[in-house]
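**Q** Next come the chains, spelled out residue by residue.
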Amino acid sequence: MAAPAFHLRLPATLQSVSELLDALEAYAEAAGISPGVSARLALVAEEVAANVAMHAKGASFFQLRVTPGPQFLDLAIEDDGPEYDPLARAAPDTEAALEDRDIGGLGVHLVKELTQNARYQREDGLNRLLCSLSLAA
Amino acid sequence: MEITETTQGAKAVAILDGRLDTATAALTETRLLAMLEKGGVIADLSEVRYVSSAGLRVLLKAAKQAKATGASFAVVGLQAPVREVFEISGFDKIIPAFASRAEAASA
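In order, the protein sequences belong to chains A and B.
The working numbering puts the first sequence at residues 1315 to 1451.
The working numbering puts the second sequence at residues 31 to 137.
Bear in mind the hints are in silico, worked out from the structure with no lab data behind them.
Below, a list of computed lysine-lysine pairs in the PhoX-like style, where the Cα atoms sit at most 25 Å apart: (1) B:LYS41 <-> B:LYS97; (2) A:LYS1426 <-> B:LYS91; (3) B:LYS97 <-> B:LYS123; (4) B:LYS91 <-> B:LYS41; (5) B:LYS123 <-> A:LYS1426; (6) A:LYS1426 <-> A:LYS1371.
Far from chain A by the CB rule (all over 12 Å, computed), these chain B residues: (7) GLU35; (8) GLY39; (9) ALA42; (10) ARG61; (11) GLU67; (12) GLY69; (13) PHE128; (14) ALA129; (15) ALA132; (16) GLU133; (17) SER136.
We treat Cβ as the ideally placed atom computed from N, Cα and C, and that holds for glycine.
Starting from the given sequences, assemble the full structure and let the hints guide the process.
**A** Given below as structure tokens:
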């Protein structure tokens, strides 16, 4: 049985990021999504939303849509900030020694590694990040 | 995020309870770095179900400060989703992780 869909649009602020995570946790629990998948869902949402809230000058909102299928959750995250493709960031060196580790780009790296088919679109003045999250634990 | 301080042997323990994310990173960083000024710290993450890159940044900062001052820093009790994030980020190779506080204290 497919779980219900989720949609939430919030002002592009850091406070909204917490609100989004709280709402996603409640949604995942009500939809019977496993804790492991729920954690990945929250992580992907936070990395993208926090990026918008902190860096997208002039963005007024972000919104997340989750559409469940039999094997995947399809995610769409949009914001009205300046054109920016987060997926274009270079991957961090996850083999570097402690002293040399830099944290930049790690959020996007996590999103790419935890999801399938992550892609970016710019349309109607919106940044849109699409990806699929496997429902398999 | 609730942070409770206790000890295990000679080491200070910070028990973290909640999400280690964008919203809680600054508070957690302040507490961990203050504890590290007095010596080695074990961060007990058994009650942390979620760590984002903002949380990883805090743990990296703590590990770097520990290395700079010769103190120890370790994490214990990683839940499966947190362990996954550690592995994808390569943090399992730079921050010592143990199953229990006792193991971390005797390491």
